[in-house]
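So the chains spell out like this:
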Amino acid sequence: MEARAIGISADSRAGSPSPARIALAAHARALIPHDPRILQIAFLGGLLAAGAYLRDFSLRPMQIALTFASALATQRLLDRLTRKPAPSLRSATITALSLTLLLRADSLWALPAAAVFAIASKFALRVRGKHLFNPANFGVGAALLLLPGTWISPGQWGSDVALAGWLVVLGATVASRARRADISWLFLAFYLGALAARVAWLGQRWAVWTHQLSSGALLLFTFFMISDPMTTPSHPKGRAAHAALVAAIAYAWGFGLFRTNAVLWALFVAAPMVAVWDVIWPAPKFDWTSMRGSITPKQAAQDQGGINGIDDIGKLASREPGESSMADAGASRDLDVVAAG
Amino acid sequence: MLVLAAILMLWPPADAQAFCGFYVGRADAQLYNHASQVVMVHDGDRTVLSLMNDYQGEPEEFALVIPVPVVLQQGQIHIGNRELFQRIDSYSAPRLVEYYDPSPCPLPMLEMQRGMNLGAATAGMAFDKAMREDAKALGVTVEVQYTVGEYDIVILSATQSDGLETWLQQTGYHLPQGLAVAVAPYIRQGMKFFVARVNLKEHQRTGLSYLRPIQFAFESPKFMLPIRLGMINANGPQDLIVYMLSREGRVETTDYRTVKLPSGMDVPEFVQGEFGKFYQAMFDQQVKRDEMRTVFTEYVWKMGWCDPCAAPPLSREELRALGVFWLDDNSPGRPQPGMPMINQQILPIPAPAPMQVILTRLHVRYSAATFPEDLTFQQTQDQENFQTRYVIRHPWAGSPDACAAAPAYFVELRRRHETDAATLADLTGWDLAGVLRQAGLGPEDRPQPWWQRLWETGQN
Numbered sequence: 143m144e145a146r147a148i149g150i151s152a153d154s155r156a157g158s159p160s161p162a163r164i165a166l167a168a169h170a171r172a173l174i175p176h177d178p179r180i181l182q183i184a185f186l187g188g189l190l191a192a193g194a195y196l197r198d199f200s201l202r203p204m205q206i207a208l209t210f211a212s213a214l215a216t217q218r219l220l221d222r223l224t225r226k227p228a229p230s231l232r233s234a235t236i237t238a239l240s241l242t243l244l245l246r247a248d249s250l251w252a253l254p255a256a257a258v259f260a261i262a263s264k265f266a267l268r269v270r271g272k273h274l275f276n277p278a279n280f281g282v283g284a285a286l287l288l289l290p291g292t293w294i295s296p297g298q299w300g301s302d303v304a305l306a307g308w309l310v311v312l313g314a315t316v317a318s319r320a321r322r323a324d325i326s327w328l329f330l331a332f333y334l335g336a337l338a339a340r341v342a343w344l345g346q347r348w349a350v351w352t353h354q355l356s357s358g359a360l361l362l363f364t365f366f367m368i369s370d371p372m373t374t375p376s377h378p379k380g381r382a383a384h385a386a387l388v389a390a391i392a393y394a395w396g397f398g399l400f401r402t403n404a405v406l407w408a409l410f411v412a413a414p415m416v417a418v419w420d421v422i423w424p425a426p427k428f429d430w431t432s433m434r435g436s437i438t439p440k441q442a443a444q445d446q447g448g449i450n451g452i453d454d455i456g457k458l459a460s461r462e463p464g465e466s467s468m469a470d471a472g473a474s475r476d477l478d479v480v481a482a483g
Numbered sequence: 378m379l380v381l382a383a384i385l386m387l388w389p390p391a392d393a394q395a396f397c398g399f400y401v402g403r404a405d406a407q408l409y410n411h412a413s414q415v416v417m418v419h420d421g422d423r424t425v426l427s428l429m430n431d432y433q434g435e436p437e438e439f440a441l442v443i444p445v446p447v448v449l450q451q452g453q454i455h456i457g458n459r460e461l462f463q464r465i466d467s468y469s470a471p472r473l474v475e476y477y478d479p480s481p482c483p484l485p486m487l488e489m490q491r492g493m494n495l496g497a498a499t500a501g502m503a504f505d506k507a508m509r510e511d512a513k514a515l516g517v518t519v520e521v522q523y524t525v526g527e528y529d530i531v532i533l534s535a536t537q538s539d540g541l542e543t544w545l546q547q548t549g550y551h552l553p554q555g556l557a558v559a560v561a562p563y564i565r566q567g568m569k570f571f572v573a574r575v576n577l578k579e580h581q582r583t584g585l586s587y588l589r590p591i592q593f594a595f596e597s598p599k600f601m602l603p604i605r606l607g608m609i610n611a612n613g614p615q616d617l618i619v620y621m622l623s624r625e626g627r628v629e630t631t632d633y634r635t636v637k638l639p640s641g642m643d644v645p646e647f648v649q650g651e652f653g654k655f656y657q658a659m660f661d662q663q664v665k666r667d668e669m670r671t672v673f674t675e676y677v678w679k680m681g682w683c684d685p686c687a688a689p690p691l692s693r694e695e696l697r698a699l700g701v702f703w704l705d706d707n708s709p710g711r712p713q714p715g716m717p718m719i720n721q722q723i724l725p726i727p728a729p730a731p732m733q734v735i736l737t738r739l740h741v742r743y744s745a746a747t748f749p750e751d752l753t754f755q756q757t758q759d760q761e762n763f764q765t766r767y768v769i770r771h772p773w774a775g776s777p778d779a780c781a782a783a784p785a786y787f788v789e790l791r792r793r794h795e796t797d798a799a800t801l802a803d804l805t806g807w808d809l810a811g812v813l814r815q816a817g818l819g820p821e822d823r824p825q826p827w828w829q830r831l832w833e834t835g836q837n
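These protein sequence lines map, in sequence, to chains A and B. In terms of the numbering used here, the first sequence opens at residue 143 and continues consecutively. In terms of the numbering used here, the second sequence opens at residue 378 and continues consecutively.
One or more of the hints may lead you astray.
[What the hints assert, rightly or not] Across the chosen pairs, the derived CB separations fall in these ranges:
{"hint": "1", "chain 1": "A", "residue 1": "Ala-338", "chain 2": "B", "residue 2": "Ser-534", "range": "25 to 33 Å"}
{"hint": "2", "chain 1": "B", "residue 1": "Ser-534", "chain 2": "A", "residue 2": "Val-411", "range": "42 to 50 Å"}
{"hint": "3", "chain 1": "B", "residue 1": "Val-448", "chain 2": "A", "residue 2": "Val-411", "range": "42 to 50 Å"}
{"hint": "4", "chain 1": "A", "residue 1": "Val-310", "chain 2": "B", "residue 2": "Glu-668", "range": "17 to 25 Å"}
{"hint": "5", "chain 1": "A", "residue 1": "Leu-355", "chain 2": "B", "residue 2": "Gly-421", "range": "45 to 53 Å"}
{"hint": "6", "chain 1": "B", "residue 1": "Tyr-476", "chain 2": "A", "residue 2": "Val-310", "range": "45 to 53 Å"}
{"hint": "7", "chain 1": "B", "residue 1": "Glu-833", "chain 2": "A", "residue 2": "Gly-188", "range": "37 to 45 Å"}
{"hint": "8", "chain 1": "B", "residue 1": "Arg-814", "chain 2": "A", "residue 2": "Thr-352", "range": "40 to 48 Å"}
Bear in mind the hints are in silico, worked out from the structure with no lab data behind them. Each residue gets a CB set at the ideal place from its N, CA and C atoms; glycine is no exception.
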């Protein structure tokens with residue numbers, strides 16, 4: 143494999159990699175988690191810290207603590223009750239992070255209750271062995287519908303924090319060539335395309351369009367919610383159809399009905415269609431457990447690959463059931479930079 | 378010749394938007410609209426919008442143009458009462474409170490704690506109107522026309538921004554550059570234009586030297602204020618104060634960050650004499666820190682009480698006059714259990730009747746570059762009270778010889794004064810040396826770093 147160093151080694155001459163670079167590559171890979179959810183947790187955790195520190199997120203530390211406790215406890219309890227093999231708390235952590243980033247409440251109990259809804263929905267609302275709703279999306283939707291004193295503050299991010307978030311997540315996603323990021327890209331193309339068309343039609347300045355992008359909620363939604371591999375259609379065609387549907391509902395919601403939180407509600411109401419897409423275009427279901435490290439850092443060092451940043455994570459964590467030929471060949475370089483939350 | 382004074386935008390299909398217009402100078406007259414005040418009552422899809430008008434010029438020289446979602450019938454337009462703006466402003470204004478230090482000496486003396494409103498930074502604003510009606514052709518249609526109060530009102534529909542611009546020019550308005558471009562998006566969305574000018578005869582009949590606020594009531598899912606048009610001829614940043622009256626919770630903007638102003642700090646006593654100046658400097662400083670990209674919350678309170686009260690809460694009748702349309706749902710006059718009583722020491726106010734009305738006072742300073750979109754709002758479920766409030770503490774008037782505890786009190790007092798001065802300098806961006814001087818302290822009274830005194834004693 144051709145070594146491609148990206149701005150890490152001072153020695154960037156072409157040619158075979160030096161032993162030092164190989165060692166560095168091995169070291170870098172050792173740092174990269176096998177499960178993409180670890181990266182997601184790191185990113186969302188960073189965003190939460192930035193929001194709490196730099197922004198007035200109107201979120202109390204106790205709310206955060208109780209939300210995590212509630213999400214993790216519910217996950218653990220339901221895993222036990224259903225005797226789930228290889229239980230993991232990673233998805234529940236992502237759900238708790240997403241909820242604390244998005245949902246606001248004037249009480250201490252509403253966020254933890256939303257976390258219970260979110261986690262429980264994974265076990266209760268299932269079609270053909272797949273849960274129907276992205277847990278965080280369901281938790282937010284259920285809270286807004288059922289719990290008093292809850293709301294979302296779409297403007298809480300500020301354009302600078304949102305911009306920084308976009309840069310990081312876009313960079314990581316591009317670099318990783320994430321497989322299920324296809325639905326993120328398609329959604330962005332449809333939705334931002336519709337927004338751009340509206341700006342052009344109204345004769346507004348383009349600053350309006352860029353301002354509409356400066357929403358941390360849109361970023362979270364695009365890369366951590368709609369792309370959740372557990373709740374997206376299994377087949378690429380299904381994902382394309384779903385992206386178009388969600389974008390259309392979101393546009394109509396925001397600019398036809400003039401309601402807030404358009405993308406979140408769009409995904410919420412469109413969720414049942416995933417089951418339909420899966421019938422029309424059947425494909426094997428995603429499974430996180432297949433993504434646990436099949437390649438050790440030592441092995442990674444041996445293949446002398448250059449440092450491709452996050453790109454190489456794909457090698458470590460890209461197996462899906464039914465795609466063993468690709469994974470076995472070690473040629474698949476995709477990564478699901480997506481969320482379970 | 379008429380001067381198009383302010384353009385107010387109400388927006389598309391049934392929604393309320395206010396915007397704080399732009400002034401058009403006649404000849405070399407320079408008119409600015411620095412601060413606008415809007416009261417917006419919103420619940421469900423219903424909105425009542427009241428626009429303050431503090432135009433100072435000749436009444437015949439003003440016109441007001443407002444895009445509205447639908448053709449407004451005569452009954453949907455009302456002429457308001459200017460005093461109501463002053464009432465809601467003074468009720469919600471940022472406030473300074475004072476406390477008196479208790480004696481440090483162990484005497485059975487009640488702590489004298491008194492909060493009182495010493496000053497209020499109030500807002501000024503300008504809305505203005507003038508208009509002329511004699512349109513035809515140009516894609517401009519006169520839908521309805523009537524006279525309400527001292528205003529002659531025309532509702533227009535336009536198909537092209539050029540047509541509207543030409544019509545306004547033909548009828549004698551001086552228009553700012555870029556009007557057609559700015560108006561186009563509103564026309565594209567199918568809005569009508571509300572154009573009002575002063576009917577001199579009616580104006581004389583009112584016997585008033587000023588123009589009264591105009592109020593609109595309409596139904597629309599959109600909850601926003603168009604501010605973009607007012608930027609056309611703005612001479613620098615503009616201020617807008619929006620008094621939101623809602624039912625379920627605090628109101629915030631959805632497309633910009635809404636933050637609460639710093640509040641609750643102790644500041645030096647001399648601020649009492651210049652609270653307005655202090656507040657302006659503090660607000661300037663906050664705007665600068667956020668690069669003029671945020672909307673500030675100055676006040677959130679359940680109407681009916683306050684603590685301390687800068688002014689008595691608005692009565693049911695005043696709220697209804699401002700457009701609060703859900704008051705009839707409540708049975709009037711029922712005492713509300715659990716309602717905190719108004720601080721009787723401050724303002725003796727009779728216990729108010731229960732009213733589910735929450736006032737959110739938003740203050741935004743905007744420019745064309747930092748606010749590319751109109752303001753859109755949402756009602757949250759947040760009912761937590763908030764007020765922009767600063768505190769001064771008067772020292773105990775005793776002597777250091779009064780008792781054993783007294784000297785320590787004065788040492789602590791000195792330290793407190795230093796801290797308060799530093800707080801003030803930080804809040805306002807004022808020079809610390811100047812603040813210390815004003816507070817009666819010397820440059821040596823700057824708060825010392827903690828390590829300064831660490832080795833001062835015991836060192837040779």
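Okay, the hints, checked on the actual structure:
1. A:Ala-338 to B:Ser-534: 25 to 33 Å: holds (28 Å)
2. B:Ser-534 to A:Val-411: 42 to 50 Å: violated (35 Å)
3. B:Val-448 to A:Val-411: 42 to 50 Å: At roughly 34 Å between Cβ atoms, Val-411 (chain A) and Val-448 (chain B) fall outside 42 to 50 Å, so the hint is violated.
4. A:Val-310 to B:Glu-668: 17 to 25 Å: holds (21 Å)
5. A:Leu-355 to B:Gly-421: 45 to 53 Å: violated (30 Å)
6. B:Tyr-476 to A:Val-310: 45 to 53 Å: About 47 Å separates the Cβ atoms of Tyr-476 (chain B) and Val-310 (chain A), which means 45 to 53 Å holds.
7. B:Glu-833 to A:Gly-188: 37 to 45 Å: Given range 37 to 45 Å: holds, Cβ gap about 43 Å.
8. B:Arg-814 to A:Thr-352: 40 to 48 Å: holds (46 Å)
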